[in-house]
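Construct the complete structure from the given sequences, taking the supplied hints into account.
Read top to bottom, the protein sequences are chains A and B. The numbering used here puts the first residue of the first sequence at 1, with every later residue one more than the last. The numbering used here puts the first residue of the second sequence at 1, with every later residue one more than the last.
Honestly, the hints are just simulated from the structure, not real lab data. C-beta: ideal position from N, C-alpha, C; glycine also. A hint or two may mislead.
Stated by the list, open to error - Take a look, some chain B residues computed to stay more than 12 Å from chain A by CB distance:
1) M1
2) G18
3) G35
4) Q48
5) G125
6) L126
7) G159
8) A160
9) E162
10) F174
Stated by the list, open to error - Straight-line alpha carbon distances no greater than 30 Å define the calculated DSSO-like cross-link-like pairs of lysine-lysine that follow:
11) A:K2 x B:K166
12) B:K2 x A:K95
13) B:K13 x B:K2
14) A:K2 x B:K2
Claimed, not checked - From the structure, some residues in chain B lie toward chain A, with a derived Cβ separation under 7 Å:
15) K2
16) G23
17) S26
18) V28
19) L53
20) G54
21) V55
22) N138
23) G150
The chain contents come next:
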Amino acid sequence: MKRYHDIVGDGGSRILEQVAEQRTRITDGLAGVRHLVAVGSGKGGVGKSTLTLHLAGALRARGLRIAILDADFNGPSQARMAGVQGALFVPGSHKVALPRTGNGIAVFSMGSLIPESEALEFESAAHGDSHTWRATREFALLGEILGSFDWGALDLLMFDLPPGAERTVQYADFLGPRTSFLLVTIPSEVARGVVARSVAALSKGPNRLLGYVENMSGYYCRDCNAIKPLFSDRGASPRRTPLRAHSRGPHDPRSVRAGCAVGAPEPSGLEIPCLGTVPFDPELARHCDRGIPLAELPETPVGLALEYVALQLLDSLETTGSIPDEVPLHPLR
Amino acid sequence: MKFLCIPCDSPMKLQTIGPPEGGSLSVVYSCPECGYEIAMLTNAYETQIVQSLGVRIGPAVGAEPWNGSGAGCPFTAMIPSTPDEGSKDLAPASERERVSHANGAGPGGPASERVGGTGGAKPPGLSWTAAAEMRLANIPAFVRPMARTGIESFARERGALEVDEKILDAAREFFGM
Numbered sequence: 001m002k003r004y005h006d007i008v009g010d011g012g013s014r015i016l017e018q019v020a021e022q023r024t025r026i027t028d029g030l031a032g033v034r035h036l037v038a039v040g041s042g043k044g045g046v047g048k049s050t051l052t053l054h055l056a057g058a059l060r061a062r063g064l065r066i067a068i069l070d071a072d073f074n075g076p077s078q079a080r081m082a083g084v085q086g087a088l089f090v091p092g093s094h095k096v097a098l099p100r101t102g103n104g105i106a107v108f109s110m111g112s113l114i115p116e117s118e119a120l121e122f123e124s125a126a127h128g129d130s131h132t133w134r135a136t137r138e139f140a141l142l143g144e145i146l147g148s149f150d151w152g153a154l155d156l157l158m159f160d161l162p163p164g165a166e167r168t169v170q171y172a173d174f175l176g177p178r179t180s181f182l183l184v185t186i187p188s189e190v191a192r193g194v195v196a197r198s199v200a201a202l203s204k205g206p207n208r209l210l211g212y213v214e215n216m217s218g219y220y221c222r223d224c225n226a227i228k229p230l231f232s233d234r235g236a237s238p239r240r241t242p243l244r245a246h247s248r249g250p251h252d253p254r255s256v257r258a259g260c261a262v263g264a265p266e267p268s269g270l271e272i273p274c275l276g277t278v279p280f281d282p283e284l285a286r287h288c289d290r291g292i293p294l295a296e297l298p299e300t301p302v303g304l305a306l307e308y309v310a311l312q313l314l315d316s317l318e319t320t321g322s323i324p325d326e327v328p329l330h331p332l333r
Numbered sequence: 001m002k003f004l005c006i007p008c009d010s011p012m013k014l015q016t017i018g019p020p021e022g023g024s025l026s027v028v029y030s031c032p033e034c035g036y037e038i039a040m041l042t043n044a045y046e047t048q049i050v051q052s053l054g055v056r057i058g059p060a061v062g063a064e065p066w067n068g069s070g071a072g073c074p075f076t077a078m079i080p081s082t083p084d085e086g087s088k089d090l091a092p093a094s095e096r097e098r099v100s101h102a103n104g105a106g107p108g109g110p111a112s113e114r115v116g117g118t119g120g121a122k123p124p125g126l127s128w129t130a131a132a133e134m135r136l137a138n139i140p141a142f143v144r145p146m147a148r149t150g151i152e153s154f155a156r157e158r159g160a161l162e163v164d165e166k167i168l169d170a171a172r173e174f175f176g177m
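Right under this line is the structure:
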C-alpha cells in the first residue's frame, strides 16, 4: 500500500502549494530589505516597542531606510507612538504603500486600523475555541501583511514582537533564518529570567541573536540631573551601577553604556552580547504617548544611550552581513 | 491530507466541495481507477484550522491565486459580505464592524471619526474608475475599507468627483509614500 510520501500532489486540495505560494510572495516582497531584525523579549512591559521606535529613529537620522512592522496585533502601540494612527493606506499598482512618520520611517501597525477601544477579532467556524486556531490565523495575517505591503528597498525592517517566550520562537520559525533577534530586558531578576528562557529557546534555532539591551537601567531625574536606581540592587547586573556610571556626567554617552560589557557574555545569565543600557526617562514616555520623535530629546542621557545602542546594533548587523535573497524566508517542511 | 483507495492502491482525487454548513465542509474525493467515492466531513475545528492558514481547498481550475487580498479563501460563503467589498473572510471582525460604521450603516463611533477625519454624517461614496478599483482590489481585505474611505476623503478635499489613478498617485505623493 502506498504511503503519504509515495503520492505526488494532494489530490487537488493544493493546500501545501498555496502555503508555498504565500511564502514565495513574502520572500519576494522582502527581497529589497537588507536586514530583518526582530525586537523581542519574552517578557512584557520591558519597553520593546519604545526601543524599536527610537532605535529606528536614531538609525533613520543617520540616513538609513527603515520600516517597522508592529507584530503585536493584539496590543499594537506603534501607531500611537509613531504618530500614524488614522494613517491613510494608499494602493499602489500592486501593493499598498506604508504610512510614514514625519522623519520617514515606514510603519505598519494594526493600531492604524483598529481603534484602541476595540479588540482584534476574526470570524471563526470554531466559535469560542480560539485557543485552537488563533495563533495560526495571526501568523497568516502577518504573512498577508508582509506579502501585500510595499516594503521596497530598505536597510532595515524591524519587527516589534508581542510578549511571550513561546511567541518569540514562533516568530523566529515564521520569519526564518534571515531574521536576527535583539532582546530587551530590564534590571530585574524576574525579567532577566524570562529573557534567558527566550535566549535558550532561540539558541536552538538558526536565527542570529544580536544581543540584548537593558532598558529602564535606572531613571533619569531631571531635577537632580542624575541617573538613579529604578530597581533594587539585587536585580541589577553586577557590572552595572548607574550611579557610578553617571559620574562621567549625564550627557556623556559613555555614562550609560559603562555598566555593560559590550560583546562579552554577561554574568546575568544572558549569554549573548549586551548592546547597551538605556535609562528610563519620564519625558521619553510622554513623547511616546504623544507620538513625538526622539529627535526632540537631544543630548539627554536616554537620547545618547539610544544613539549608542543604535550604533551597536548597526555594527552588529554589518558584522553579520546580509543574507542572500535565495535563502527562503521559512523553508516548507 | 491525502486519500488512498486501498483496493486500487491509487490516490483519490478531489471532486467537489459541498457548501459549508454549520462550520463543516463536505469534500468529496473519488478513485480515478474504480470510481469509488468518499466524503470528508470536517468539524468546526478542522475547518477553522484550514481557514486560519489563509488558503482555499479546491481544484486549481478556477481557483484564484493567493494575492494577499483575502479574495482567495474558500470560506467566503460562510461569512456575510457587503456587495462592494467581496469576501471579508480574512478581515478582522472588528474591522468589518468598523467598516459598517464608516459607511454610515452603523451607529458611528471613534473609527468613523478617525478615518478621513470626517466624523458625523458620512458623505456618499465617490465613483472609482476601473483602474483605481483594480489597484484597490490588490490590497488586503482588512485594509481595503479604510483605504477606500480615506482616499475618497482625500479626493473630496481636492474637489474630485471620482477616484482615478491620478488621485491615488497624488495621495501617495502627498503622504510621502
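- Query: Is B:G35 truly not at the interface, in the sense that its beta carbon sits beyond 12 Å from all beta carbons of chain A?
  - Reply: holds, 15 Å
- Item | Hinted contact B:V55 with chain A - closest CB pair below 7 Å | holds, 4 Å
- chain A contact restraint on B:V28 - CB to CB distance below 7 Å: violated, 11 Å
- Query: Hey, B:K13 versus B:K2, does the alpha-carbon distance stay inside 30 Å?
  - Reply: holds, 9 Å
- Message: Minimum C-beta separation from B:L126 to chain A exceeding 12 Å: can you confirm that?
- Response: B:L126 clear of chain A: closest Cβ-Cβ about 15 Å, beyond 12 Å.
- Query: Would the pair B:K2 and A:K95 pass a check requiring their Cα atoms to be no farther apart than 30 Å?
  - Reply: violated, 35 Å
- Task: Starting from A:K2, check that the Cα of B:K166 is at most 30 Å away, please.
- Result: Violated. A:K2 to B:K166 sits at ~58 Å, over the 30 Å cutoff.
- 12 Å cut-off, C-beta based - B:M1 kept clear of every residue in chain A: With a cut-off of 12 Å, B:M1 comes too close to chain A, as the shortest Cβ separation is near 7 Å.
- Beyond 12 Å from each Cβ of chain A, as asserted for B:Q48: violated, 4 Å
- Item | Interface hint compliance - B:S26 to chain A, C-beta minimum distance less than 7 Å | violated, 14 Å
- Message: Check whether the Cα positions of A:K2 and B:K2 lie no farther apart than 30 Å.
- Response: Measuring from Cα to Cα gives roughly 11 Å; hence the hint holds.
- Message: Hint validation: B:N138 versus chain A, beta carbon distance must be below 7 Å. Holds or violated?
- Response: Check passed: Cβ of B:N138 comes within 6 Å of chain A, closer than 7 Å.
Hints 1, 4, 10, 11, 12, 17 and 18, counting from the list given before, are not met by this structure.
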